[in-house]
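The primary structure of each chain is shown beneath.
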Amino acid sequence: MAVEAIDYFYIGLRWTHVFAGITWIGLLYYFNFVQVPTFKELDASTKNVLVPKLVKRALFWFRWAAVVTVLAGWTYFLTAWSQGDFYDVSRRWWAVSILTGGFLGTFMFLNVWGVIWRQQKKVIRATEELLKGTPAPPDMARWGKQALIASRMNVALSLPMLFFMTAASHLPLF
Amino acid sequence: MPWAKETKLGFGWAAVVVVIFIGSIWAMVRYTTPAPLIIPVLAYLGFLAWVNRVK
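Each protein sequence line maps, in turn, to chains A and B. Just so you know, we're using this note's numbering here: the first sequence kicks off at 652 and counts up by one. Just so you know, we're using this note's numbering here: the second sequence kicks off at 15 and counts up by one.
There could be a bad hint or two in this list.
[Stated by the list, open to error] No farther apart than 30 Å at their CA atoms in a straight line, the calculated lysine-lysine pairs in the BS3-like style are these:
| no. | chain 1 | residue 1 | chain 2 | residue 2 |
| --- | --- | --- | --- | --- |
| 1 | B | Lys19 | A | Lys691 |
| 2 | A | Lys691 | B | Lys69 |
| 3 | A | Lys783 | B | Lys22 |
| 4 | A | Lys772 | A | Lys698 |
| 5 | B | Lys22 | A | Lys796 |
| 6 | A | Lys691 | A | Lys704 |
| 7 | A | Lys707 | B | Lys69 |
| 8 | A | Lys704 | A | Lys796 |
| 9 | A | Lys796 | B | Lys69 |
| 10 | A | Lys707 | B | Lys22 |
| 11 | B | Lys22 | A | Lys772 |
| 12 | A | Lys698 | B | Lys19 |
| 13 | A | Lys796 | B | Lys19 |
| 14 | A | Lys773 | A | Lys783 |
| 15 | B | Lys69 | A | Lys773 |
| 16 | A | Lys783 | A | Lys772 |
| 17 | A | Lys783 | A | Lys698 |
| 18 | A | Lys783 | A | Lys691 |
| 19 | B | Lys22 | A | Lys773 |
| 20 | A | Lys707 | A | Lys773 |
| 21 | A | Lys773 | B | Lys19 |
| 22 | A | Lys796 | A | Lys773 |
| 23 | B | Lys69 | A | Lys772 |
| 24 | B | Lys22 | A | Lys691 |
| 25 | B | Lys22 | A | Lys698 |
| 26 | A | Lys698 | B | Lys69 |
| 27 | A | Lys704 | B | Lys69 |
| 28 | A | Lys704 | B | Lys19 |
| 29 | B | Lys69 | A | Lys783 |
| 30 | A | Lys796 | A | Lys691 |
| 31 | A | Lys707 | A | Lys783 |
| 32 | A | Lys704 | A | Lys772 |
| 33 | B | Lys19 | A | Lys707 |
Honestly, the hints are just simulated from the structure, not real lab data.
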């Protein structure tokens, strides 16, 4: 079977999707399984140094990896769909599986930009101001709490998201 | 160690979202119409409105 130009496009997108996805979800697990419990054991002055340095940098890769993952995934899906390269009614469970994975991932992406980053950038800015002597704003704890709920939610959503994404290709039922 | 309140809330919302998404996407594929997608959209907006009110 001849390899066509579009096949290179597909494999490029698929590789990008998986690579960026590993970066995104890897950092999500780092935040939830490593950073949050470690920060609970640190004193305030240490955290105030780490937030503008470590957390800010980790969040940069986290949120942009989410963008690349979602863009590559949907570009792949919509291109292949428009080319008629997949999707027919006889493969209904496959479509349900891949779309459930895709939409759960999109929900997680919206959580990253709509809640986690939106609130964490306020925390980072306030911490930077704190180091210059400005008192912490009263809403700082609330911002952190809202970001944490969305982050925990994304950890929980990552399990079915990965199941449906991989099941679409690897579970015979689908 | 007991689960923190934020963990319970996050996991609870995730469970609701997963059920809503599977049902809506199944309906979308089964009836070949994008109309059921409005339900996941409303679920996200509902979560966003709720989480913004968390104190």
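Do the hints match the structure? See the list:
1. B:Lys19 / A:Lys691: Satisfied, since the Cα-Cα distance of roughly 15 Å is no more than 30 Å.
2. A:Lys691 / B:Lys69: holds (19 Å)
3. A:Lys783 / B:Lys22: violated (36 Å)
4. A:Lys772 / A:Lys698: Answer holds: A:Lys772 to A:Lys698 is near 15 Å, not above 30 Å.
5. B:Lys22 / A:Lys796: Roughly 12 Å between the alpha carbons, so the hint for B:Lys22 and A:Lys796 holds.
6. A:Lys691 / A:Lys704: Holds, because 17 Å separates the two Cα atoms, which is no more than 30 Å.
7. A:Lys707 / B:Lys69: holds (24 Å)
8. A:Lys704 / A:Lys796: holds (20 Å)
9. A:Lys796 / B:Lys69: Judged against 30 Å, a Cα distance of about 8 Å means the pair holds.
10. A:Lys707 / B:Lys22: holds (26 Å)
11. B:Lys22 / A:Lys772: holds (24 Å)
12. A:Lys698 / B:Lys19: Given that 30 Å is the threshold and the Cα spacing comes to 22 Å, the pair holds.
13. A:Lys796 / B:Lys19: holds (10 Å)
14. A:Lys773 / A:Lys783: Roughly 16 Å separates the two Cα atoms, so the pair holds.
15. B:Lys69 / A:Lys773: holds (15 Å)
16. A:Lys783 / A:Lys772: holds (17 Å)
17. A:Lys783 / A:Lys698: Given pair A:Lys783, A:Lys698 holds - Cα atoms ~15 Å apart, limit 30 Å.
18. A:Lys783 / A:Lys691: holds (23 Å)
19. B:Lys22 / A:Lys773: This hinted pair holds, its Cα atoms lying about 24 Å apart.
20. A:Lys707 / A:Lys773: holds (11 Å)
21. A:Lys773 / B:Lys19: holds (22 Å)
22. A:Lys796 / A:Lys773: holds (12 Å)
23. B:Lys69 / A:Lys772: Holds - the C-alpha atoms of A:Lys772 and B:Lys69 are around 18 Å apart, at most 30 Å.
24. B:Lys22 / A:Lys691: holds (18 Å)
25. B:Lys22 / A:Lys698: holds (25 Å)
26. A:Lys698 / B:Lys69: holds (22 Å)
27. A:Lys704 / B:Lys69: holds (27 Å)
28. A:Lys704 / B:Lys19: holds (28 Å)
29. B:Lys69 / A:Lys783: holds (27 Å)
30. A:Lys796 / A:Lys691: Holds. A:Lys796 to A:Lys691 sits at ~13 Å (cutoff 30 Å).
31. A:Lys707 / A:Lys783: holds (17 Å)
32. A:Lys704 / A:Lys772: holds (12 Å)
33. B:Lys19 / A:Lys707: With a Cα-Cα distance of about 25 Å, the restraint between B:Lys19 and A:Lys707 holds, given a limit of 30 Å.
In the structure shown, a violation is registered for the earlier hint numbered 3 alone.
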